[in-house]
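Quick note, the sequences are listed as chains A and B, same order. First residue of the first sequence? That's 1 in our numbering, and the numbers climb one at a time after it. First residue of the second sequence? That's 1 in our numbering, and the numbers climb one at a time after it.
If you are wondering where the hints come from, they were derived from the structure by calculation, not from laboratory data. For clarity, every value in this text was computed on a predicted model and none was experimentally measured. By construction, the Cβ of each residue, glycine as well, lies at the ideal position given by its N, Cα and C atoms. It is possible that some hints are incorrect.
[Said to hold, decoys possible] Quick look at which bits of chain A chain B covers, simulated, 3 or more residues with Cβ under 8 Å: (1) 5-16; (2) 53-66; (3) 78-87.
[What the hints assert, rightly or not] Some, not all, of what chain A presents toward chain B, calculated at C-beta under 10 Å: (4) G38; (5) T39; (6) A99; (7) W131.
[Stated by the list, open to error] Residues on chain A that point at chain B, a partial pick, calculated with CB under 7 Å: (8) C48; (9) A50; (10) L95; (11) A98; (12) L100; (13) Q101; (14) H130; (15) T158; (16) K160.
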Amino acid sequence: MSARVHIHMTINGEPRELLCDPRQTLLDVLRNELRMTGTKEGCSNGNCGACSVILDGSLVNSCLVFGVEADGRSVETIEGVERPEGLDPVQRAFLEHAALQCGVCTPGFIMAARALLQRNPHPTEQEIRHWCAGNLCRCTGYDKIVRAVSDAARRMETAK
Amino acid sequence: MSSATHKVLGTRPIRHDGVDKVTGRAVYAADVDLPGLLHGKILRSPHAHARIRSIDTSRAERLDGVRAVVTGRDLPDPGDRTAFLGELGQVPLKYMSFNVLAGSKALYHGHAVAAVAATTPEIAEEALALIDVDYEVLPPVIDVVRAWKGEAALVHEDLYTDEMGSKSAAPSNVASHQRFEKGDIDAGFRAAEVVLEREYRCATVHQGYIEPHASTAQWNADGQLTIWTSTQGAFPARTSVHQILDVPISRVKVIPTEIGGGFGGKIPVYCEPVAALLARKARRPVKVVMNRADVFTGTGPTSGSWVKLRMGATRDGRITAAEATLVYEAGGFPGSIVACGGICIFAPYDIPNTRIDMYDVVVNKPKTAAYRAPGAPNAEFATETLVDELSEQLKIDPLEMRLRNAAREGTLQSHGVPHPKIGYAETVEAALRSEHYRSELSGPNRGRGVASGYWLNVGLTSSAVARVNADGTVSLVEGSTDIGGTRTSVAMQLAEVLEIAAEDVLPTVGDTESVGFTEVTGGSRVTFATGWAAYEAGQALRRQLAEQAAKLWKVPAETVEYSGAVVSARGDASKRMTLRELAAALNKKGIEVAARVTVTPKGVGGAFATHIADVEVDPETGKVTVLRYTAVQDAGRAIHPSYVEGQMQGGVAQGIGWALNEEYVYDDDGRMLNASFLDYRMPTSLDLPMIETIIVEVPNPGHPFGVRGVGEVPIVPPPAALSNALYRAVGVRLRELPMSPPKVTAAIQSH
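Please build the complete structure, drawing on both the sequences and the hints.
So, in structure tokens, the structure goes:
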């Protein structure tokens, strides 16, 4: 087994350092080394999006990034979404629209939706569907998720 | 109680576990961690059918970091004992045991043959490669029709057909043959003026939940076993572990974690007994987490099938006879849900003469598990496309054709049971009235199809414990694991009884030591049966609160009443307390107000749905685009309409996936070729339109609030609705699922 590597990351605004195995993915590092289990594993090969996090501003599947590749970079995860004043508008919209059933894909969808709304504050239904096509949900048929993301966009607009 | 008087039912409160699930705090099975935890991995057979001559684990055991290796030899001998498996009934225990870890034969590609526990998941993975299994490869049995006809190798040398109660002379891949018969089938066909006969096939499909199976087991030195697991039923999982490992049931505690989808696939145990065996051997807690390929090859799926259907009708559109042969894959061990297909296949219709033959057939595929309305989509795909063909030949609107033949209260079903009060005709009428059905659909290669569906729903045993807190809120522990928001639909029924807000009930899902026995989350039973337990608990709390107030006031109990979350004594206006005040007063005196309830309700109400689909077919590529989709369903009483809609929409999405893309693809050696979400193509957000819902409410008289299960039936109509739409779009009838692009283009070209 190869030697563990010392890496630094900023996670949800906080600097963290740790030792990780070179073969560990960023998802493994988050879940197994840092015990941040809000990010979920559904397929481990980039097909389901349950492990979506934001790496230096870009939406990625954390199962497709090695932990060592995240050295020196900034990671946003579901644990960092809630604000001191309460839930983020995307989180609130998911609750009010009943956009989750089992909830295991929800952290990934919330990260994907946030990344979308940062780039495109007024997405159409088709743009939401296109952006979220990398996140699988087996429970909802996506209808309520699409509505929640549209509504979150409206809420963020009025909050400005 | 009429719906107009309900204050909580029919509203849309935020689900109680919602904040945990949008913040990532909810604990799912793979999130469990314990001091000293080891990681387990499972070695799977690369062959579809092979005798296991020997397994040498010595090299794996010597790898640094490996703490235990187990094989099927570590399982106690199941002998001839049987086990109860909820919806699936009694099954021989050996089929469960040797599905968990193979015995003398590996029966499918992906069949678990050994497992390793090590200090890291990576070491466990490495150790798997060091286990030497000597296989004698045997011919694979993949085609269910060939297996049924006796044209294939024997999957089990000791399996004989249960031929309507008698045992076959020779071993066979046909585990059982059952028949339902009603009326005079020959006379029925003689009375028909149009008779059609067709054959239908469905590919093997998987439930496709996003969370892979995961379980953690820990033994105490005193022999107590605790298991944290993702399961559709903590109690049935406990029973299975007790039976498979031959450990006293009282020594097994199952703590259900949050569950990331199940759809029937998390009823059987897979990881639980393996984690327990490894943990006992290693004397350390062990967590077994599947990867996606493990899930596809080692769990689920639901039966692929072949169905032959013959129906006859008079010129005025009255169906006089229907005859079906259902041949379902059981997978590597007997026990498909073909009987459910037989119960459902003609259930929407009042057909005087029917005969249904049902065959359960073993093949070298994973042991099948329930999948949302198990058995019904395969069967009703046939009925609903054939009814469409009949209505076309008779020049009757397909919904009108359904209405003319609709089963109603008292209609005798094929298996000899009359329908109770049902809302089938109401779903067809609502579809006929819908804006969607009345709208115009135009354009080339576009078509509209309709189809109906039935699922029987089940009751079974459920339990709840309710306790009044010092501030007048009520804690509710219920026994049903919550896959899709049932904590809230159960809590709302308690809130309705106590006349308090849904938010003032605090529901949790109990483990096997904190609440009474509760059957699986399956059969669309939780809001019905566990909701009923909550209803009874609420009634008990009302009585106790009135009695305790009477004691406080020193007045006869019968003079005190509970109404509007207020207790008051008749004839004395000074004796009046809100629930909050009474709860505080009782708490101060050390008096507990709590109720424990276990119910096994009988008044199950079946579920009916009617769907409308508009599609556009690309004749070049064969791609089918769903332009518009409407689902109509009788919910009895929609407790939380958003989650009823959610079940309808989710069922439709799965049905569309089943119809258009999903299938297990095998090579000639019986190996699954597409065990990933990339190659097993489930619908993404880009593949679906918004899914319109119309909830019809024909209250179930068998439930205090009129509830019918809603979860399963919406998966039933989509395959036929889409096949019928596709026919209207391009003039070809597809009778084989999935209707994937290559099949659609081939059908168009040969048309």
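Each hint tested on the structure:
Interface restraint, the region 5-16 of chain A with chain B: violated (0 residues with C-beta to C-beta distance below 8 Å; minimum three). Coverage of the region 53-66 of chain A by chain B is violated in this model, with 0 residues showing a Cβ closer than 8 Å to a Cβ of that chain against a need of three. With 5 residues carrying a beta carbon less than 8 Å from a beta carbon of chain B, the region 78-87 of chain A meets the three-residue requirement, and the given coverage holds. Against a cut-off of 10 Å between C-beta atoms, the interface hint on G38(A) holds, since the closest Cβ of chain B lies about 2 Å away.
Contact between T39(A) and chain B, as hinted, is supported at the beta carbon level, the nearest pair being about 7 Å apart and thus within 10 Å. Interface hint at A99(A): satisfied, since its Cβ lies 9 Å from the closest Cβ of chain B, which is below the 10 Å cut-off. For W131(A), the shortest C-beta to C-beta distance to chain B is roughly 8 Å, which falls under 10 Å, so the interface hint holds. Proximity of C48(A) to chain B holds as hinted, the smallest CB-CB distance being about 5 Å (cut-off 7 Å).
At about 6 Å, the closest approach between the beta carbon of A50(A) and any beta carbon in chain B falls short of 7 Å, and the interface hint on this residue holds. For L95(A), the shortest C-beta to C-beta distance to chain B is roughly 4 Å, which falls under 7 Å, so the interface hint holds. Checking A98(A) against chain B by beta carbon gives a least distance of about 4 Å; that is within 7 Å, so the hint holds. Using the Cβ-Cβ criterion of 7 Å, the hint placing L100(A) at the interface with chain B is satisfied: the shortest such distance is roughly 6 Å.
Nearest Cβ of chain B to the Cβ of Q101(A): about 4 Å, under the 7 Å cut. The hint holds. Hint status for H130(A): holds, given a least beta-carbon distance of 6 Å to chain B, under 7 Å. A hinted interface residue such as T158(A) counts as satisfied when its beta carbon comes closer than 7 Å to some beta carbon of chain B; here the least separation is about 20 Å, so the hint is violated. With its C-beta approaching chain B no nearer than about 22 Å, K160(A) sits outside the 7 Å limit, and its interface hint is violated.
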